[in-house]
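Taken in sequence, the protein lines are chains F and S. Using the numbering used here, count along the first sequence one by one with no gaps and you end on 391. Using the numbering used here, count along the second sequence one by one with no gaps and you end on 444.
One should not assume that every hint holds.
Computed list of chain F residues with no C-beta within reach of chain S, every gap over 10 Å [stated by the list, open to error]:
| hint | residue |
| --- | --- |
| 1 | 9 |
| 2 | 83 |
| 3 | 100 |
| 4 | 102 |
| 5 | 120 |
| 6 | 127 |
| 7 | 143 |
| 8 | 189 |
| 9 | 223 |
| 10 | 225 |
| 11 | 235 |
| 12 | 249 |
| 13 | 308 |
| 14 | 354 |
| 15 | 357 |
| 16 | 363 |
Listed below are the simulated DSS-like cross-link pairs for lysine-lysine, each with C-alpha atoms no more than 25 Å apart in a straight line [what the hints assert, rightly or not]:
| hint | chain 1 | residue 1 | chain 2 | residue 2 |
| --- | --- | --- | --- | --- |
| 17 | S | 284 | S | 110 |
| 18 | F | 22 | S | 17 |
| 19 | F | 165 | S | 284 |
| 20 | F | 300 | F | 9 |
| 21 | F | 160 | F | 147 |
| 22 | S | 294 | F | 165 |
| 23 | S | 294 | F | 160 |
| 24 | F | 244 | S | 174 |
| 25 | F | 57 | S | 174 |
| 26 | F | 244 | S | 169 |
| 27 | S | 294 | F | 166 |
| 28 | F | 160 | S | 284 |
| 29 | F | 88 | F | 57 |
| 30 | S | 284 | F | 166 |
| 31 | F | 88 | F | 244 |
| 32 | F | 22 | S | 13 |
| 33 | S | 284 | S | 294 |
| 34 | S | 194 | S | 169 |
Worth flagging that the hints you see were computed from the coordinates, not collected in a lab. For every residue, glycine included, the Cβ atom is placed at its ideal position computed from N, Cα and C.
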Amino acid sequence: MKYFHLVWAALARRKGRTIFTLLSILMAFLLFGLLDSVRSAFSNTGQAGKDRLLTFSSINWGLPLPQSLYERIRAVPGVGKIEYASAIGGTYQDPNNYVGIEGHADSFLDIYPEWQIAPAEREAFLRTRTGIIASESYAKRFHWKIGDKIPLKTAVYKKDGSTVWTFDLVGIYRISDSSMQSNENTVYARWDYLNEARQEGGGTVDWFAVEVPDLSQIDRVSQAIDALSANSDHETKTETEYAFYIETLRQLGDVGLIVGSIMGAVFFTLVLLTGNTTAQTVRERIPELATLKAIGFSPSSVLGLVLSESVLVLLLGSSLGLIGAAVIVYWVRSTMGSTIFLAPVGEDTWLRGLALAVVVGLLVAVLPAMRGMRLRVVDALSGR
Amino acid sequence: MKALQKAGFALATLVAALVPVALLAVLPGWALLAVLAVLIAWIAFTRTGRQTSAVATVAIATLPQRLGAASVVIIGIAGVVGVLVALLAMGAGFEATLKRTGTDDTVIVMASGAQSEIQSLLNRDTVAAVVQAPQVRQNASGEPIVSPELVVTASFQKRASGKASVEIRGVGERVWELRPNVKIIAGRPLRPGLAELIVGRRVSERFIGMIVGTNLVVNGQRWTVAGIFDSEDAHNSEIWADAGALASPFHRGSNLTSVTLQLTQAAALDAFKARIASDPRLKVDVQTTRQYYNGQSESIAPIIHTLGTTVGVIMAIGAIFGALNTMYAAISTRAREIATLRAIGFHGGPVVVSVLLETLILALCGGALGATIAWALFDGFTASSMGILFAFRVSPTLLWNGLKWALAIGLIGGLFPAIRAARMPITAGLRET
Chain F
8 MKYFHLVWAA LARRKGRTIF TLLSILMAFL LFGLLDSVRS AFSNTGQAGK
58 DRLLTFSSIN WGLPLPQSLY ERIRAVPGVG KIEYASAIGG TYQDPNNYVG
108 IEGHADSFLD IYPEWQIAPA EREAFLRTRT GIIASESYAK RFHWKIGDKI
158 PLKTAVYKKD GSTVWTFDLV GIYRISDSSM QSNENTVYAR WDYLNEARQE
208 GGGTVDWFAV EVPDLSQIDR VSQAIDALSA NSDHETKTET EYAFYIETLR
258 QLGDVGLIVG SIMGAVFFTL VLLTGNTTAQ TVRERIPELA TLKAIGFSPS
308 SVLGLVLSES VLVLLLGSSL GLIGAAVIVY WVRSTMGSTI FLAPVGEDTW
358 LRGLALAVVV GLLVAVLPAM RGMRLRVVDA LSGR
Chain S
12 MKALQKAGFA LATLVAALVP VALLAVLPGW ALLAVLAVLI AWIAFTRTGR
62 QTSAVATVAI ATLPQRLGAA SVVIIGIAGV VGVLVALLAM GAGFEATLKR
112 TGTDDTVIVM ASGAQSEIQS LLNRDTVAAV VQAPQVRQNA SGEPIVSPEL
162 VVTASFQKRA SGKASVEIRG VGERVWELRP NVKIIAGRPL RPGLAELIVG
212 RRVSERFIGM IVGTNLVVNG QRWTVAGIFD SEDAHNSEIW ADAGALASPF
262 HRGSNLTSVT LQLTQAAALD AFKARIASDP RLKVDVQTTR QYYNGQSESI
312 APIIHTLGTT VGVIMAIGAI FGALNTMYAA ISTRAREIAT LRAIGFHGGP
362 VVVSVLLETL ILALCGGALG ATIAWALFDG FTASSMGILF AFRVSPTLLW
412 NGLKWALAIG LIGGLFPAIR AARMPITAGL RET
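Could you put the whole structure together from the sequences, leaning on the hints where they help?
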């Protein structure tokens, strides 16, 4: 630490070069932060939904199941709370403003503690037949406040022949688990209202969510639920919510592979780029390093000086880059909602990024630093 | 005051660099060739041009001595161009596959409000009513050319590892008249009513057991693979079966997901739509198959394009700083040589152009390298997205665009050092070691 001013002076020696190196590192880590955000949005690192089962049509997600299955699922031993839902897609004002609408049973908020809402608003939601709750991010984006009437255009006909559904906003929720925040572009209505008002599909639900308090029972329970409707015209498939999320994301394609290859290409380029600059800087400073050794610096402190110089530049550049990525992700999420596949830049991204910075910093400096350590003072001072 | 002057100068240089970059982006290929021709003529026939050529020759001749530094520019730019071309090739391949699918004279009828076939459900009566419309073309024996279809998904073992779901399309008997582009490339077509499958070419490449004669278990029932088909479009990601045979293991009764039919002519679409709308029993959406598949591509193609360009721009900025570093270092090692040239009467202009030329040559090498790597690794590479299997397509246009990006990076990264080289005080340069 006491040599910090020496390291700093070395960096200030050629300001332009240091700044350009810093900026290219910044860009590499900006990209790293953004891509890692995409990757974590897709890998759903959260543990949410391991104790909840989803039961849906075995043919395709979203095909109607009879609501009467509810009582039969409830009778399966080992089942805790149950809820069910129907979903319709809607738009608000502009056809590009997609809003998912899901009608849920009363037990919805009991089963999903991740959805946080004030007790009074929760009461109002249970009381108001035409009530909906919307996420904080959507309320902010569309300037909705509690008490507003929200007309949503859908493709589902109501009994009065219209396809515009008007709801009363009675509450604002937020989702505490970041891996589930992609649900924030859905507004939640009441299934009984949806069911009663729609022209077709009465008495059907799209899926059931089943809580299983004893995790060791989860396989048995899911098989028992599927056995209820085996060989009927509405066979079901039951799997944990966690497994369902992972499967859904995998359907979107080989994101991990693509993101991984880009990161590989970026860092290969970065190592080469900074490696060359570091080597060049050390080459130019050989007489200085020799002077240091001549006035009594040990070879290992020379090694340490060169290494810490390179690690410092990388740490500085990577921190700035990750801050940039965090700002961009925050901005995109707050202006466009959580619809797109970007997770907030979290602690694990920071840790991975900074660790990578240290590794790259050591890697590019180790050869030039060894050269600095080994040089013979007499030769170096005389310019040989 | 001096700092302000410096900043203003840097800004002016940046603007000066952005003008040719903008021209590069908008000008067509022949105009760029014309610019190149003028440049060559200038070098060959004018005095300053010949001076430039002399200075540039010296610079390029000393390149091998600075191979390490030069490779930074080359590899930095190769990285940008390679990633950019690969990402855009993915988008292009996906889009091309869906855009090739569908025609203007066939329409797909789905339940009202369904975004895709998977979400659609039609009953037998609806199908019967749709098929009777007079705008539906009939074949030689007087039967309507329609295919009432049942689309389901099932999970299969991939060759790589793990499972993935594939759409199984239950088709009607006259599907071959409806989609004449679909060719059987191995085995034979489906026989109605039997538990047989024919497999799209891309599915057969990517999944285990998709060869003629094998038995597969789908939803508890044994199915035989009767053939492999190639449609050269999105249907290559599907498995086909007889719609009637598919309904029972999937417990679909008489329900279907969609009807695809051929119109007497493309212009009959409006009449057909009007007829469907006038029937109060029918709650369906009608669109041509081309509209349907284009719509599917529009949901994701722009995302890939934005992703590619964003990643490209960020990497390009990084590469510009790398190039700046390298070229500043290059001119500082050549400071004495440049000052000597200036002292014996060479002008600043040739010095600027020669440094710029050197950077552009390095950039072009990098661009070519990156584009070649992307082409070699990814052209024809199969990936999947949204259930569609498609091949990356590295087209000549994409390669050319990659080279343009390389030149743009070279221009910006080379202009600043070039100007510094020309403005360096001669006396200071001569004393430089």
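Here is what the structure says about each hint:
1. Annotated as non-interface, residue 9 (chain F) keeps its C-beta farther than 10 Å from every C-beta of chain S; the closest such distance is 30 Å.
2. With a cut of 10 Å on Cβ distances, residue 83 (chain F) stays outside the contact zone with chain S, its closest approach being about 21 Å.
3. Residue-level check passed: residue 100 (chain F) sits 19 Å from the nearest beta carbon of chain S, beyond 10 Å.
4. At the 10 Å boundary, the C-beta of residue 102 (chain F) stays outside the reach of chain S, the nearest C-beta of that chain being 13 Å off.
5. Consistency note on residue 120 (chain F): stated as away from chain S, and its beta-carbon is indeed over 10 Å from all of that chain's, at 30 Å minimum.
6. For residue 127 (chain F), the shortest C-beta to C-beta distance to chain S comes to about 35 Å, beyond the 10 Å cut-off, and the non-interface label holds.
7. Against the 10 Å criterion, residue 143 (chain F) stays outside the reach of chain S, whose nearest CB is about 25 Å from its own CB.
8. Every beta carbon of chain S lies more than 10 Å from that of residue 189 (chain F), the smallest distance being close to 15 Å; the non-interface claim holds.
9. For residue 223 (chain F), the requirement that its beta carbon stay farther than 10 Å from each beta carbon of chain S is met, with the minimum near 25 Å.
10. Every CB of chain S lies more than 10 Å from the CB of residue 225 (chain F), the least distance being 20 Å, so the non-interface label holds.
11. At roughly 14 Å from the closest C-beta of chain S, the C-beta of residue 235 (chain F) stays outside 10 Å, upholding its exclusion from the interface.
12. Against the 10 Å criterion, residue 249 (chain F) stays outside the reach of chain S, whose nearest CB is about 16 Å from its own CB.
13. Distance to chain S confirms residue 308 (chain F) as a non-interface residue, since its nearest Cβ pair spans about 27 Å, more than 10 Å.
14. Its beta-carbon lying about 23 Å from the closest one in chain S, residue 354 (chain F) satisfies the requirement of being farther than 10 Å from that chain.
15. Distance check on residue 357 (chain F): its Cβ is at least 19 Å (rounded) from any Cβ of chain S, clearing the 10 Å threshold; non-interface status holds.
16. With 10 Å as the threshold on Cβ separation, the claim that residue 363 (chain F) sits away from chain S holds: the shortest Cβ distance comes to roughly 15 Å.
17. A hinted pair counts as satisfied when its Cα atoms are at most 25 Å apart, and residue 284 (chain S) with residue 110 (chain S) qualifies at roughly 23 Å.
18. Distance restraint check for residue 22 (chain F) and residue 17 (chain S): the Cα-Cα separation of roughly 15 Å lies within the 25 Å cut-off, and the hinted pair is therefore satisfied.
19. Taken as a hint, the residue 165 (chain F) and residue 284 (chain S) pair is honoured in the structure, with Cα atoms around 22 Å apart against an allowance of 25 Å.
20. Straight-line distance between C-alpha atoms of residue 300 (chain F) and residue 9 (chain F) comes to about 17 Å, which keeps the hinted pair within the 25 Å bound.
21. For the hint pairing residue 160 (chain F) with residue 147 (chain F), the CA-to-CA distance comes to about 20 Å; that is within 25 Å, so the pair holds.
22. Restraint check for residue 294 (chain S) and residue 165 (chain F): the C-alpha separation of about 13 Å stays at or below 25 Å, so the hint holds.
23. Between residue 294 (chain S) and residue 160 (chain F) the alpha-carbon distance is near 17 Å, which keeps this suggested pair within the 25 Å criterion.
24. At roughly 17 Å between alpha-carbon atoms, residue 244 (chain F) and residue 174 (chain S) fall within 25 Å of each other, so this suggested pair holds.
25. Proximity of residue 57 (chain F) to residue 174 (chain S) is assessed by CA-CA distance (about 21 Å); at most 25 Å being required, the pair is judged to hold.
26. Taken as a hint, the residue 244 (chain F) and residue 169 (chain S) pair is honoured in the structure, with Cα atoms around 21 Å apart against an allowance of 25 Å.
27. A hinted pair counts as satisfied when its Cα atoms are at most 25 Å apart, and residue 294 (chain S) with residue 166 (chain F) qualifies at roughly 14 Å.
28. Annotation: proposed proximity of residue 160 (chain F) to residue 284 (chain S) holds, straight-line Cα distance about 22 Å (limit 25 Å).
29. Of the supplied pair hints, the one linking residue 88 (chain F) and residue 57 (chain F) holds, its CA atoms being roughly 15 Å apart against a limit of 25 Å.
30. With a CA separation close to 24 Å, the supplied pair residue 284 (chain S) and residue 166 (chain F) stays within the 25 Å bound.
31. Between residue 88 (chain F) and residue 244 (chain F) the alpha-carbon distance is near 18 Å, which keeps this suggested pair within the 25 Å criterion.
32. Proximity of residue 22 (chain F) to residue 13 (chain S) is assessed by CA-CA distance (about 17 Å); at most 25 Å being required, the pair is judged to hold.
33. Of the supplied pair hints, the one linking residue 284 (chain S) and residue 294 (chain S) holds, its CA atoms being roughly 12 Å apart against a limit of 25 Å.
34. Restraint check for residue 194 (chain S) and residue 169 (chain S): the C-alpha separation of about 24 Å stays at or below 25 Å, so the hint holds.
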